[in-house]
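The chain contents come next:
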Amino acid sequence: MTTERPPFTRLGKGLRRLEAVDKVTGRANYTHHVSLPGMLHAKIVRSHVAHGRLVGIDTADALAVPGVYGVFTGADILKIIPEPYYGPAFHDQPILAIDKVRYVGEPVAVVVAESPHVAEDAAGLVQADIEELPAVLDEIEAMRSDVYVHDSLRPAGTFADLKHLNGIRDTNVALTFGVKKGDVEAAFKTAHRVFKNTFKTHQVMHVPLEPMVSVADVHSAHAYVYTASQTPSFARTEIARLLGWRENQVTIKTAFLGGGFGCKLYVKLEPLAVALSMLCQRPVRVALTMAEQFYTITRHPTTFNIESAVDENGRILARRCEVIWNGGAYADIGPRVTQKSGFTAPGPYDIEHVDVTSVAVYTNRPPAGAFRGFGIPQLVWAYESQADIMAREMGIDPVEFRLRNVLSDGKRHATGTVMKDAAISQVLNRVAERFGWNKPFERTTGRFRRGRGIGVGIKACVSPTTSVAAVSVAADGSCSVQCNTVDMGQGSDTLMAMIVSEVLGVPAESVSVVNPDTDASPYDMATLGSRSTFHMGHAVRLAAEDALAKLLAMAKEVGVERIDPADLGTLFVRKFGMQAGTVIGTGVYKPTYQSPDKNTGQSEDITPNWMIGGTAMEVEVDTETGMYTILRMENVVDCGTALNPLVVQTQISGAAIMQLGTVTLEEMEFDEQGQLRNAGLSEYKIPGIQDIPRAIGREAVDAYQSNGPFGGKGVGESATFGVASALAAAIEDAVGVRITQLPIRPEKIWEGMRNNERAQL
Amino acid sequence: MSTHHIDIEFELNGRPERRHVDVRDNAIDMLGRCGLKGARESCGQGLCGCCTIYVDGAPASGCLYPAWKLQGKQVETLEALNTAGGELDPIQQAFIDCGAFQCGFCTPGFVMMTRKLLEAHPDPTEAQIEHYLSGNLCRCGTYPEITAAVRLAAKRAGARD
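Chains as they are written, first to last, in my numbering: chain A, 1 to 761; chain B, 762 to 922.
Please keep in mind that the hints were generated in silico from the structure rather than gathered at the bench.
Computed from a predicted structure; not experimentally measured.
Treat the hints with care, as some may be off.
Keeping only pairs whose Cα atoms sit at most 27 angstroms apart, straight-line, the calculated DSSO-like set for lysine-lysine is [stated by the list, open to error]:
#	chain 1	residue 1	chain 2	residue 2
1	A	K685	B	K834
2	B	K877	A	K13
3	B	K798	A	K685
4	B	K877	B	K834
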């Protein structure tokens, strides 16, 4: 940490969210509340089978219902959009099913009516005739099955690295990505010990409390789309592509999101809403219920086979990783999760010989995509669980085992990229310190046993991506930011205002951040993967600096020596003779990047930054029931400089609590036919206030990201990384039961304890 | 299958209100048309608390409450806390001061239930906080700050008394 850190005036000191009053008074603007004059309401009719040929759809009864405006199927969509397939990596998902259905819940038809109640009633009268085909649900089975979810692969033309997959038939493998380094075979032969384990994760859903919603109004050869989206820029590009229109014929407007977590990315309901508005010549609202969200996008179930060769000192010499991602019926962003997170499968460790295979697989389940962590939580769960197993078997303290192996700055990651500004050991040490890892620990011996666990994970910031921003200074000197970063609770608007404040000297509270609107705000790749602080932070910084340069030039022109941030308006009056004019600064940011080698996955520059998260837990297990209580949870991250420490704190504990829900309570349960048994909150429980650990600690280590804006980088996901493995380790420490398949349920612990008892007899 | 409408009269945030409602409308559908957006439907099963309103003074899940059943009732929503548009309610202020929300979609429900909690238990125990707020979900996981906000609001109210 020798980098010189410039002093801050505004950043680094906590600032409450700019929209705080609107949020506590219920006046904050969400797409949920958008209502347009003459707006119709859509209700989606969904497939009741996991895989089948669509023989016909009888819409007559639904059409006869008073108040129904229209009932539409894939055939109707084809009339206005000849190639109605969308997706960010593969163009494989039809707006409404055509020929085939590929998962239970897939949209096959839609009823549009004057009221949502009528649409709902009539949707129940639509009869889809589907000839059932055998379905494949499990990712391992799908690798060797002769049941194919898609007849052939349809990669999106925009990605050069996917082009070779075009038209490949008779496979469920959408993509395979590898990282190869050193001589793994040889290293395994010379190893002191070899550990081979399999870890599994389950399917979960984001459950944003504002359910997905899009309203489209297409008229005069222009599509206006109001949508709860994390990707307004992508949505514009994708809608324009589907329609064969120019991008400037499509307007995407978002508002605050009532949660996103990765489920409101790319396009989801937007293409359907646009198509329906075109078919009906009226504004149409497509709004999902909580239950329907479970049939829209989810988190990948995974199988991770991990094999490690270790020397007698506990140094990891070589590692083989095979990660199989169950992407469900449509690729969504799964192939990118497979690649961009897949290459971190060896973990935060300095391992000379590495062989990673990461495979995206289609199955007949609801699609999986981005979910807070972008695949990293699944990977950390496996490699940190194995670290615990190895440390235990070799009699090495888990922290010590990790410290012997972690990557430090200057070392090469498995991809060949030299680590920089990645405070891995600092995070690990700080978690241990906060937890009191080296203090005596009382495990107790009675019915209730205590245990503890610790771990750390890393994520590479997704690359290469671009952010563009504008900072406008009005004639009275007030400033606004135009950018397409979507504030879904992570406090991005507030941070962008703070950055403008830092550069221009105006109070952050006075800066207005415009809700994303593709007619007003420039391009941004997406609000995902904790990339906004880094990428958009830079773009807004550059835009503010550009605005400042223009203001300085203006000051010189009108003979003002020093500009006063509190009175920028003077410059405009002097130049234009009245309160008139606008200064617009622009900023474009795209970090450097080198594509990984096709064969080896090696790259000198795989990511602009690494995000680090560590967790420690203390748990108490009831040996009679397997029920457990998390007594303490400590979470520590490296987010570079905490630019808005108040929001950083909340993001750390929020991410950990959300992840804890997916580890302890949540699981989408499917039967053999691929029917989801628990769509909706009555049977899919997310954490409530009574479900969180008794004590929660959080901290961002004192770190500096030298290529980040003001030393900062992202934080929204880091605290998810270490949660699952730390809990499993704590349970093993307490009662000797090793969980290898999430979620961690009391019944599994109970069963494990009974098995252990029987083994002792 | 056809829809029926009915006229109802009730009191909304202290003012008389008359509405023409679809018998299928729930309270949230109707309140939205009244321009009140604080209570909002999320889970549709009365489990998340986003739609919390008071009916005759008692908390209710607006998403499960048929609009027509509000005939003759007193209905109160989050907006009643600051109709004058001036100062915030101390609970709202405490939520801001503690940073007790992220996306903010669940916040109105939490504020409404915190109000009921502090009415009944001005100095609530941990268990009382959990009991009153267990029907409200925050997917952003802001519970530590929410608990802090409840305590701060209670403390400030105690200091005033």
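Flag every earlier hint the structure violates by its number, smallest first. Structure breaks hints 1, 2.
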